[in-house]
Amino acid sequence: MSSETMTAPARRRVRARATGRAPQDTRAGLWSYLWLLILLAFSAFPLYWMFVIATSTEEAVSKSPPVLLPGGHLLTNIEEVFSLQDVYFTASLINSAIVAVTVTVSQLFFCSLAGFAFAKLRFRGSRALLLMVVLTLTIPNQLGVVALYIVMGKLGWNGTLLAVIAPGLVSAFGVFYMRQFILTSVPDELVEAARVDGATTMRVYWSVVLPAIRPALAVLGLLTFVATWNDFQWPLITLGGTDFPTSMVALSDLASGNYVLYRRVLSGALIATLPLLITLFVGGRQIVRGIMEGAVKN
Amino acid sequence: MVSVTSLPEAPGTERPPARKRSWRHRLLRFDLHYTPYLLIAPFFLLFLVFGLFPTIFNGVVAFRNWRLDDPEHAGWAGWDNFAKLLSDSDFWNALYNTFGIFALSTIPQLFLAIVIASVLNRRLRAQTFFRVGALMPYITPVTASTLVFDVVFARDNGIANWVLQVLGYHPDTPLDWHATKLSSWIAIATMVNWKWTGYNALLYLSAMQSIPRDVYEAAALDGAGPWRTLWRITVPMIRPVVIFTVVLSTIGGLQLFTEPMLFEQNPQAATGGAGGQWQTIAQLIYKVGWKNLNLGYAAAMSWALFLIIVIIAAANALITNRLGGGRSK
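Those protein sequence lines, which keep their order, are chains A and B. Counting from 0, one number per residue, gives the positions in the first sequence under numbering that gives the first Met the number 0. Counting from 0, one number per residue, gives the positions in the second sequence under numbering that gives the first Met the number 0.
These aren't lab readings, by the way, just hints derived from the structure by calculation. All clues stand as given, with none of them false.
Pairs of lysine-lysine, DSSO-like flavour, derived with a Cα cap of 30 Å:
#1 A/153 / B/83
#2 A/153 / B/290
#3 B/83 / B/180
#4 B/290 / B/83
#5 A/62 / B/180
#6 B/180 / B/290
Bound conformation, chain A alone (with noise of 0.2 Å):
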C-alpha cells in the first residue's frame, strides 16, 4: 500500500511510530491493559481473601486448592468477634475513630495555622523556625520511642488514649506541606486587601487561606486519617494489655495464641479495614493526587 492511499490516521500512526514519541503520547497497548490488570488483581487478592475466608467456616483456610468464593457465614463470624470476652473489639473500633479524628482535626486545623504564618506572614526567626520545622522531618520517630514512653508514665498517660492521641496533635510534615501550598495558592493581593479592609490575622486566616486551601486540606486529612487508623507500634507499647486498645492493637490480640481462629481474625480485620475502603472510595482521587504531588508521608 502506498502512503497515498492510506488514510490520514494511518499514516499519522506510521509517521509517529518513525520519530520519538513520550511514552504520554503511545496509546497503551492490550498487553499494558492486560498486565495492568493482572497487577490489579495481585493488589485486590489479599482483601479479597479476607473477605473470603470471613464469610466462611473455619474448614476454608486449609482447603487445597484454595477456597475462592466467599460463603454464608460472615454474620455469624463478626457477631463471634463482637461478643469476644477478653479483645473488646467494639471499644477499639470506638478508640480508633476518637483517636483518628481528633488526630486529623487537630493537624488540620494547626498545622494550615503554621503553615499560614510561615508562607504568608513576616516575624522575627521566622526563617530559623521553618529550617527547623524541615530538619525534624527527617528524624525517624522511631528514635524517641522509649522515652516517650516514659513521658506519658510522667504525664500518668500510658494506657489511655490521651498517649496515643497527644504525639499526633501537630506534625512537621504536615506544617511544611500546608506552607507549600499556601505560598503558591494564596496570592499575597488577596491578604493584603483583606488587610486594608482591616482584617485581623485571624479574620484573614478564615475567610482567605481557609477557603483556598480546601483542595490541600483535604489530601492532608485524608492520609492522616489512614496513618493514624492503622498506626500499630506506638499503640501497641502505650495500650497493648489494657481494656482501652485501638482497634489494630485489639486486631494483634484476636490473632494471639495457640489456638487461633482465622475465620475470626479476618472477619475483625475486615471490620477494621472497612473504614479505610471507604475513605479510598470516597477520596480516592484527592489521595492519588495528593501522593503524586509528594504529600508523602510515612
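Fit chain B to the supplied structure of chain A, relying on the hints for placement.
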C-alpha cells in the same frame, strides 16, 4: 494603611483621632507583631513536648540504668548499654535479619514500581481507576494484611504452597515458611512489596510525567525501543525521585515492625520465630524495652538503629546516584 508587607508604622498613613487611635493602633500592632507567633505556638509547643524532648531524652536514657521492674536500680551506666550491644548476639542477628528482609523487599519493589509507572505513563483509559487501584495496598492496615498473609504462608495447605505445587514444586513435606531464615524473609518481604510497590509507582509516574517530550524525540533517532528508552532515558531523568524513594524505603525498611510481629503465632512475645529467624531490630527494641523491661538498653538500641539508618540511607543514595550516571553530570 497596614499591610503584611509594609512596616507597621508606615509614614503618610492617615491618623485617626488620638484617643481612638491608641487602643486600636496598639491592637493592630500586637496583631501584626505577635499573632504569627501565636499561630505557630501550638505546633512548636506540642512538638517540643512529644517530639523533640523524647528524642533528646532518649539519648540520656541510653546512658542510664532504667528498668521498669527495678526503679531503685537507677543511675548512670556510662557506656555500659552500648558495650552490651556490641557483644549481644541477639542484636547482630536482628541486624542481619533486618538487612536481609530489606534487600529482598526494596530492590524488587522499586524495579517493579518503575516498570508499572512506565505502563501507567502511556496514554491509558481509566487512568484514575488504575491509580486508585494501585493504592489499595497502601491504605490497607499492615496489621490486617499481615494477618491475611499469615494464612497465605501457612505450612499446611497455605495458598503460597499450593501455588508452588501448581508450578511443579513438590517437596516431601510442605514448606514451612516460618522455619528458616530465607523462607521467612521471603514471606515478610512479599508483604512489604505488596504494600509499597503501587505507592512508589505513583511517585515515579508523577516524575515521569514532567519529563519534556523532546527528550524522547532525540532518543528515537538512535532507534531505541521502549525497554531501552525506559532504562536509558526515563529512569536517569527521574533520578532525584528514585534516590528519594531509596532513602524513604531505607528509613521505613530498617524500622520494619508490624509485619515481623504479626508473622508470629504469639505476636506479643516479639521473638521473631523460635530461633529469632526473622526478628528485626525494631522488634528487638520492643522486646528488650517492654518484655524484658530494660528501657535503658532499648534506648541505646534505638540510637544504634538511628545511626545505621543514617549511614545506610546516605550510602544507598550515593550508590543510586552513581548507577543512574550521576558522575557524568
